[in-house]
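Chemist: Listed here are the chains, written in short residue letters.
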Amino acid sequence: MTFIINGETHERQEETLATLLSALDYEGEWLATAVNGEIVHREERAKYRLSDGDRIEILTPMQGG
Amino acid sequence: MLKLYDTDIESRLLLGTARYPSPEILRQAVLASRTGIVTVSLRREMAGGRTGGAFFSMIRDLGVRVLPNTAGCHTAREAVLTAHMAREVFATDWIKLEVIGHHDTLQPDVFELVEAARILCAEGFRVFPYTTEDLGVGERLLEAGCQVLMPWCAPIGSAMGPVNIGALRSYRAHFPEVPLIVDAGIGRPSHAAAVMELGFDAVLLNTAVAGAGDPVAMAVAFAGAVEAGRAACLAGPLEPRDMAVPSTPVIGKAVFS
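Top to bottom, those sequences are chains A and B.
Per UniProt numbering: the first sequence = residues 1 to 65.
Per UniProt numbering: the second sequence = residues 1 to 257.
Simulated from the structure, these hints should not be mistaken for laboratory data.
Treat the hints with caution; some may be incorrect.
To be verified - Quick partial rundown of chain A residues pointing at chain B, CB under 8 Å, derived from the structure:
hint : residue
1    : Ala18
2    : Asp25
3    : Ala46
4    : Gly53
Claimed, not checked - Computed beta-carbon distance windows for the label pairs:
hint : chain 1 : residue 1 : chain 2 : residue 2 : range
5    : B       : Gly213    : A       : Arg42     : 37 to 43 Å
6    : B       : Pro23     : A       : Glu43     : 37 to 43 Å
7    : A       : Glu43     : B       : Asp61     : 22 to 28 Å
The C-beta atom is built at its ideal place from N, Cα and C for all residues, glycine as well.
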């Protein structure tokens with residue numbers, strides 16, 4: 001499947017958001033995720049099934065004004 | 001003591017965490033400023049990246065309250081989604097609501113701002129809206145459920161200081177009971193002192209400290225200026241006069257000729 005992850009195109013086979021994050025080495029309770037403009041809460045990632053073309057945002061705490 | 005959404009706030013200086021020369025200087029500046037609230041953001045994490053975790057860990061160790069922002073959002077929808085993600089990451093319902101309307105001036109899109117504020121307040125967020133000094137927009141934000149207003153005093157990062165003192169004075173007079181925080185545009189401690197003298201409840205700044213030659217020393221200077229401005233406001237400063245008024249008594253003056 002083709003995913004757009006943080007603006008970059010990836011060809012991946014993972015079927016859930018949790019397995020995708022793990023495969024891409026995203027770890028940490030501080031991460032927030034959204035798919036196609038909707039938040040996917042931490043506890044929902046394991047059962048969230050991905051679809052071809054999904055736009056995935058993975059955000060993290062950063063400096064801000 | 002200043003109360004923001006039922007929370008007592010000791011320091012009237014809120015500090016941003018961006019653009020410091022290093023994480024260590026940021027840490028020292030936060031401590032030197034004696035602030036109790038720092039602003040933070042959410043950004044994309046690269047695969048395998050741990051930068052966010054390290055930053056978040058440092059902020060938590062500082063023991064200050066975090067105020068996540070929605071910086072960079074241009075629509076109410078983007079801002080609402082960012083607020084939801086920030087609430088999950090930072091475990092707070094406080095949100096500094098920024099909805100940018102113009103690329104060059106970074107002035108807020110006040111229509112989208114009010115719409116986002118209405119949605120977020122209804123969802124239980126404690127919204128701190130970055131707005132202009134427009135009174136009508138301020139009223140709409142209060143109607144939306146905001147209990148704090150954060151007018152700019154000049155464009156973000158411009159360091160110009162209060163460019164429209166009259167408007168800020170009107171803003172304070174129009175919203176006498178609402179906590180008002182001047183957010184954006186402050187460049188020097190004297191700017192912070194000036195708006196505090198006008199009766200604003202607090203200031204939020206970032207670049208003025210982070211971009212200074214010595215950010216830690218500047219944080220100390222701002223802390224002092226904010227306290228001095230607040231004390232001056234409470235002490236009742238004189239209004240300017242057109243004519244001179246002798247400070248030394250005229251009665252009893254010696255006559256030599």
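Chemist: Can you tell me whether the CB distance of glutamate 43 of chain A to aspartate 61 of chain B sits inside 22 to 28 Å?
Modeler: Given about 26 Å between the Cβ atoms, the range holds.
Chemist: With chain B as the partner, please determine if glycine 53 of chain A meets the hint condition of a C-beta pair closer than 8 Å.
Modeler: Given a least distance of 19 Å, the restraint on glycine 53 of chain A is violated.
Chemist: Given alanine 46 of chain A as an interface hint, is the shortest Cβ-Cβ distance to chain B below 8 Å?
Modeler: Hint violated; alanine 46 of chain A Cβ to chain B Cβ min 16 Å, cut 8 Å.
Chemist: For the restraint on aspartate 25 of chain A, tell me whether the closest CB of chain B is nearer than 8 Å.
Modeler: holds, 4 Å
Chemist: If I claimed the Cβ atoms of proline 23 of chain B and glutamate 43 of chain A lie 37 to 43 Å apart, would that claim hold in this structure?
Modeler: violated, 31 Å
Chemist: Given a hinted range of 37 to 43 Å, is it respected by the beta-carbon distance of glycine 213 of chain B and arginine 42 of chain A?
Modeler: holds, 42 Å
Chemist: Quick check on alanine 18 of chain A please, does its C-beta sit within 8 Å of some C-beta on chain B?
Modeler: violated, 15 Å
Violated hints, in rising order: 1, 3, 4, 6; the structure is consistent with all others.
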